[in-house]
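From first to last, the protein sequence lines are chains C and Y. Position 50, counted from 1, in the first sequence is what my numbering calls 42; the numbers after and before it change by one each time, with no gaps. Position 210, counted from 1, in the second sequence is what my numbering calls 202; the numbers after and before it change by one each time, with no gaps.
The set of hints was computed from the structure by calculation and includes no laboratory data. Take these hints with a grain of salt, some might be off.
Copies of the same chain look alike in the list, so a pair counts if it fits in one copy or across any two.
Stated by the list, open to error - Computed cross-link-like contacts, EDC-like style, restricted to lysine to aspartate or glutamate with a CA-CA straight-line distance of at most 16 Å:
| hint | residue 1 | residue 2 |
| --- | --- | --- |
| 1 | K237 | D46 |
| 2 | K204 | D275 |
| 3 | K265 | D288 |
| 4 | K123 | D275 |
| 5 | K123 | D288 |
| 6 | K57 | D46 |
| 7 | K204 | E282 |
| 8 | K204 | D51 |
| 9 | K57 | E145 |
| 10 | K57 | E25 |
| 11 | K83 | D(-1) |
| 12 | K237 | D262 |
| 13 | K83 | D60 |
| 14 | K83 | D58 |
| 15 | K57 | D(-1) |
| 16 | K265 | D250 |
| 17 | K204 | D264 |
| 18 | K57 | E76 |
| 19 | K83 | E54 |
Protein chains: 2
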Amino acid sequence: MSEMMFDRITLIGIGLIGSSLARIIRRESLAGELVISTRRQETLTRAEELDLGDRYVADAAEAVKDADLVIISVPVGSSGSVAERIAGTLKPGAIVTDVGSTKASVLAQMQPHMPATVHFIPGHPLAGTEKSGPDAGFADLFQNRWCILTPPEGTDAQAIERLGAFWRACGSNIDTMDPLHHDMVLAMVSHLPHIIAYNIVGTADDLQTVTKSEVIKYSASGFRDFTRLAASDPTMWRDVCLHNKDAILEMLSRFSEDLASLQRAIRWGDGDKLFDLFTRTRDVRRSIIEAGQEIDTPDFGRSAAKPADRR
Amino acid sequence: MSEMMFDRITLIGIGLIGSSLARIIRRESLAGELVISTRRQETLTRAEELDLGDRYVADAAEAVKDADLVIISVPVGSSGSVAERIAGTLKPGAIVTDVGSTKASVLAQMQPHMPATVHFIPGHPLAGTEKSGPDAGFADLFQNRWCILTPPEGTDAQAIERLGAFWRACGSNIDTMDPLHHDMVLAMVSHLPHIIAYNIVGTADDLQTVTKSEVIKYSASGFRDFTRLAASDPTMWRDVCLHNKDAILEMLSRFSEDLASLQRAIRWGDGDKLFDLFTRTRDVRRSIIEAGQEIDTPDFGRSAAKPADRR
Chain C
-7 MSEMMFDRIT
3 LIGIGLIGSS
13 LARIIRRESL
23 AGELVISTRR
33 QETLTRAEEL
43 DLGDRYVADA
53 AEAVKDADLV
63 IISVPVGSSG
73 SVAERIAGTL
83 KPGAIVTDVG
93 STKASVLAQM
103 QPHMPATVHF
113 IPGHPLAGTE
123 KSGPDAGFAD
133 LFQNRWCILT
143 PPEGTDAQAI
153 ERLGAFWRAC
163 GSNIDTMDPL
173 HHDMVLAMVS
183 HLPHIIAYNI
193 VGTADDLQTV
203 TKSEVIKYSA
213 SGFRDFTRLA
223 ASDPTMWRDV
233 CLHNKDAILE
243 MLSRFSEDLA
253 SLQRAIRWGD
263 GDKLFDLFTR
273 TRDVRRSIIE
283 AGQEIDTPDF
293 GRSAAKPADR
303 R
Chain Y
-7 MSEMMFDRIT
3 LIGIGLIGSS
13 LARIIRRESL
23 AGELVISTRR
33 QETLTRAEEL
43 DLGDRYVADA
53 AEAVKDADLV
63 IISVPVGSSG
73 SVAERIAGTL
83 KPGAIVTDVG
93 STKASVLAQM
103 QPHMPATVHF
113 IPGHPLAGTE
123 KSGPDAGFAD
133 LFQNRWCILT
143 PPEGTDAQAI
153 ERLGAFWRAC
163 GSNIDTMDPL
173 HHDMVLAMVS
183 HLPHIIAYNI
193 VGTADDLQTV
203 TKSEVIKYSA
213 SGFRDFTRLA
223 ASDPTMWRDV
233 CLHNKDAILE
243 MLSRFSEDLA
253 SLQRAIRWGD
263 GDKLFDLFTR
273 TRDVRRSIIE
283 AGQEIDTPDF
293 GRSAAKPADR
303 R
């Protein structure tokens, strides 16, 4: 697609998202030079071992110099301090974006530090796996996934278009959205599911009537589906909970209300109500498969887990 | 393995589990003759079109005649009426089993009808997908999965061993358990996860601040993982809720307590507590992968969902 889209791109943070970006920027030749920066020396060394970029610079302020595109991929709780650190060395005309899972908080943390000469456009690629760290990334992570941009009012249209073109070159589809609406939508489709998954795995882990080894052994009967989300990066998810509190509490309260009503239907043996809910939810999955956001293979290809000697 | 294990096997019910059994019984030559029975003529015709058995008999009482092994694969709410129907024509010495997800209720429903001359051994293969019906089955469904038998006290040890050998020939590992303990374990590892999944999908479906099309579009960010369970057979799951009420209500109440505490941590910004929970739950997944009950491929092979024209 678009060769050498930017003369220099700087990635701050090189975990799952950052390292996936590095890999696709290389593959698609989207940057003349790719600079990688991360605070922990160990992670930076690992990025270099993996040959993810052209230069490796621990100091973020140094790393962003002369970059045309700066992408910040750190837990959302660190957005403000990163913005503060890089503010003085950003190149006039540069596009600054992030990949955080909450947008109103990122905007509030970063905007005050951003010089008027740069284009600050928060973003959120809706892609991820339960893995973390520079080894976990892969170039196809963003393929056919959505990337939501939440440009502040008055942002230069050309800069938005340029950032959009970058994400499309990474394989994404683009949407733009108001940050508060983004946070509400994500609270439902991403934050609530993760919190529920963490919670149910925690409940199982605490039980005494059912042993942990029983939970593990028999997990294929349903429980297993939750454990992928509950294995996600703890720092990232702590920060999401702290930085999208209101929307998450709103969704949690709706979920709990609905659960109380379902619990009541079970207690009183209201089979019709149960049947109605269980039927209605089937359609949602059908729509997700039709939208190309899931495959229709039973068991998510887990049948591949069969030990070879048993086939 | 064990060729011609039984002279005649009768399957009552030919949905996901029944039809998977039919396929593996054929593949492994576990029966001299395989008789298939189901109440709905349409389903019986479909089973015949799929060539799942040797004979197709609508009347269950007729179908079980001279069978050495009778496997009942119907929603647990129908166990009692099937037992009543077949009681008079069961062959002395026959093994009668079922595949229902709750065991105390099945025992209570079926036992009173069972003649003293047969070996009644309730069972539960912990295997399934979100699909249902005779087309959904496949011979590998039970491979490396657990099958739990809950024989009533005093059951003939040889009959238990024979049924265990049958399930092992289907690829399963065997456990035996007290029916009440089975129901408690399954309430945690299977019933609670399904109920939570149904509930969260219902909550999303009811929202007005977030549209249904947004939920679908952005589902890959977490929500999607719940939709597989929430697409499971409504009749089966209604019956599970009605027939394992006490254990399910117990697990639901623990889950809700834990969720209230998590909600409080979010409201009060208790980052340490969130981080602790989110770290602890990672280990559970690791153990499940080590136990061979899950594969360690990020995204459950969903990357295969990429449209070919975008690669």
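Hint check:
For a Cα distance limit of 16 Å, the shortest separation of K237 from D46 qualifies neither inside one copy, at 38 Å, nor across copies, at 60 Å. For the homomeric pair K204 and D275, the shortest alpha-carbon distance between copies (11 Å) is at most 16 Å, but the shortest distance inside one copy (34 Å) is not. In this assembly of identical chains, the alpha carbons of K265 and D288 never lie at most 16 Å apart, being 27 Å within a copy and 37 Å across copies at closest. Taking the closest pair of Cα atoms, K123 and D275 come within 16 Å of each other only across two copies (13 Å); inside a single copy the shortest separation is 30 Å, beyond that limit.
Proximity of K123 and D288 under a CA criterion of 16 Å is satisfied inter-copy only: 10 Å between copies versus 23 Å inside one chain copy. When the C-alpha separation of K57 and D46 is checked against a cutoff of 16 Å, the pair qualifies only within one copy, where the shortest distance is 14 Å, while the shortest distance between copies is 76 Å. For the homomeric pair K204 and E282, the shortest alpha-carbon distance between copies (14 Å) is at most 16 Å, but the shortest distance inside one copy (37 Å) is not. For the identical chains of this complex, K204 and D51 are neighbours neither inside a copy (44 Å) nor across copies (44 Å), given an alpha-carbon limit of 16 Å.
Proximity of K57 and E145 under a CA criterion of 16 Å is satisfied in neither setting, with 26 Å inside one chain copy and 77 Å between copies. Taking identical chains as interchangeable, the C-alpha atoms of K57 and E25 lie at most 16 Å apart only when both belong to the same chain, with a minimum of 12 Å there against 78 Å between chains. Proximity of K83 to D(-1) under the C-alpha cut-off of 16 Å is restricted to the intra-copy arrangement: shortest distance 12 Å within a copy versus 82 Å between copies. Within a single copy, K237 and D262 get their C-alpha atoms only as close as 34 Å, which misses the 16 Å cut-off; across copies the closest is 11 Å, which meets it.
Proximity of K83 and D60 under a CA criterion of 16 Å is satisfied intra-copy only: 7 Å inside one chain copy versus 81 Å between copies. For a Cα distance limit of 16 Å, the shortest separation of K83 from D58 inside one copy, 5 Å, qualifies, whereas the shortest one across copies, 86 Å, does not. With identical chains, the CA atoms of K57 and D(-1) are at most 16 Å apart within one copy only, with a shortest distance of 12 Å there and 80 Å across copies. In this assembly of identical chains, the alpha carbons of K265 and D250 lie at most 16 Å apart only when taken from the same copy (12 Å versus 26 Å across copies).
For the identical chains of this complex, K204 and D264 are neighbours neither inside a copy (34 Å) nor across copies (24 Å), given an alpha-carbon limit of 16 Å. For the homomeric pair K57 and E76, the shortest alpha-carbon distance inside one copy (14 Å) is at most 16 Å, but the shortest distance between copies (81 Å) is not. In the homo-oligomer, the alpha carbons of K83 and E54 lie at most 16 Å apart inside one protomer (11 Å), although the nearest pairing across protomers, at 84 Å, exceeds that limit.
Checked against the numbered hints given earlier, the structure breaks hints 1, 3, 8, 9, 17 and satisfies all the rest.
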